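**Q** Line by line, the protein sequences are chains A and B.
Take the first sequence: its position 145, counted from the start at 1, is 145 in UniProt numbering, and no numbers get skipped.
Take the second sequence: its position 14, counted from the start at 1, is 14 in UniProt numbering, and no numbers get skipped.
In case anyone wonders, no lab produced these hints; they're calculated from the structure.
Keep in mind it's a predicted model, so treat the numbers as computed, not measured.
Every clue listed holds true.
If you want the footprint, here are the derived chain B segments under chain A, 3+ residues with CB under 8 angstroms:
hint : stretch
1    : 89-103
2    : 185-199
3    : 234-241
Each pair of labels, with its calculated beta carbon distance range:
hint : chain 1 : residue 1 : chain 2 : residue 2 : range
4    : A       : L266      : B       : D260      : 32 to 42 angstroms
5    : B       : D260      : A       : D85       : 24 to 34 angstroms
6    : A       : Q110      : B       : E92       : 17 to 27 angstroms
7    : B       : I74       : A       : A186      : 45 to 55 angstroms
8    : B       : S239      : A       : E109      : 41 to 51 angstroms
9    : A       : Q268      : B       : V271      : 31 to 41 angstroms
10   : B       : K84       : A       : K191      : 39 to 49 angstroms
11   : A       : T171      : B       : R263      : 31 to 41 angstroms
12   : A       : N108      : B       : K84       : 16 to 26 angstroms
13   : A       : M99       : B       : K88       : 16 to 26 angstroms
14   : A       : T171      : B       : T257      : 42 to 52 angstroms
15   : B       : N188      : A       : L266      : 27 to 37 angstroms
16   : B       : E267      : A       : S239      : 18 to 28 angstroms
Even for Gly, the Cβ is constructed at its ideal location relative to N, Cα and C.
2 protein chains.
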Amino acid sequence: MYLLTPVLVAVVCILIVWMFRNADGSLEKRKELARSSAEARPWVDEDLTDGTDLQRAEEDADEWQEPEESVEHIPYSHTRYPEKDMVKRSREFYELLNMRRSVRFISNEQVPKDVIDNVIRAAGLSLLVGSLAVLSTVGAETLKAETIGQLFSEISFTPSRTNWVKEYLDTAPVLILIFKQVHGFAANGKKKVHYYNEISVSISCGILLAALQNAGLVTVTTTPLNCGPRLRVLLGRPSNEKLLMLLPVGYPSKEATVPDLKRKPLEQIMVTV
Amino acid sequence: MYLLTPVLVAVVCILIVWMFRNADGSLEKRKELARSSAEARPWVDEDLTDGTDLQRAEEDADEWQEPEESVEHIPYSHTRYPEKDMVKRSREFYELLNMRRSVRFISNEQVPKDVIDNVIRAAGLSLLVGSLAVLSTVGAETLKAETIGQLFSEISFTPSRTNWVKEYLDTAPVLILIFKQVHGFAANGKKKVHYYNEISVSISCGILLAALQNAGLVTVTTTPLNCGPRLRVLLGRPSNEKLLMLLPVGYPSKEATVPDLKRKPLEQIMVTV
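Could you put the whole structure together from the sequences, leaning on the hints where they help?
**A** This is the structure:
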């Protein structure tokens, strides 16, 4: 018993030290996290968190428009239309987009390559943190029909609609894949998280949809499942990119139908004060 | 010393039990987290997670295009242009958007109300899970100048640029606020999480940017901070909506400058196979 006492004292001491170090460690970690998240994103409120927040431990934060901030400013040259023209142009643009529908029945007819190039160029203008991949059977580029056709036959979409959703993958002459770039790299080689990558890439997708409609082509926005990494690797995109959307593009097939959708009345989506 | 030994044994026992309970607790929590996230969204892969995942505990899952799925189909009427026109239209649309810049220097000159209405209508067409609020000094609607002016004077934006970023809030004749609808309500009154609400709303924002450019107006996409809930309440939007973006809209001021931005070359953002 005389011997046990110092041993027990030692054990107690070790346990207490261990506990404090742990408590300290987690406190330190919490403090560090709070500090790094406060430092890195002092200005972002709860509303703006997205999936990339999981990677907040990274050292650097940037803003999605940052590339614009660090460069020299030049005078802005503006095209101003007469008021009558502004009203006419805005009405015509609304009418054009009012005809747009998500079309899931796409003909296998080829589409002009120049049109696809221009559409991609237009959408690409606002694509700061992502990339667009075009899989096409246009011209001699028949990879889609072979490799991709095989790959897509294995892809699962939303389970309940697997059968008819997949049809356009076989028929559409062009598939546009939109990748978001989850992070970039700082000058020192460290990862730089792109906090707004999903918003930014989706904005480009909106412009893509408008550009397709303007050119007289149809599409439907889909979010392919379980195939992102495989498609990324197949297309040789880097690991900091993730597949966000897939759009089959072409002319509508002759028997194409669309849901008899009623538009939401303006007052339901718009508040004016 | 004889007395100390049992006391120390008791202390050691208590400490050991306390440590194990703690270790157990965090393990349980981690297990629980993993289980709930695996159960709630069995079909969505890692690539598609976004901020709404935090609310995964909700019962129902939907897809952002679901409203289209449950309604009757009708034949699709398509406007097809001759190939030459398609190329021309797509090139002109690219050229229009190639002139678009994020402009932070906005004149206080009034803009035609009809133009704003048409722009909002165009963007609203694709707005399934969100809303647009227009704060405007156009016409007799001077709420912005009074209430909103006061509110915005309290808003904090990115600290490093507070001074010059806020200027457009005072000068822009129109502010467009874009809310995402994080969840809706099922027939049984339960919450229905809109998993793709941020993507969907951002797509609308892309169309909004194109519509503004088409009309000859300028803007800059901003993500306002710490003011979302207050603006939401002020505008009478329901609690299932969250402020995602704020766009000051108007003509550029005479001395407006823009960053001397070099566009990414097409081959950097586009892969063709």
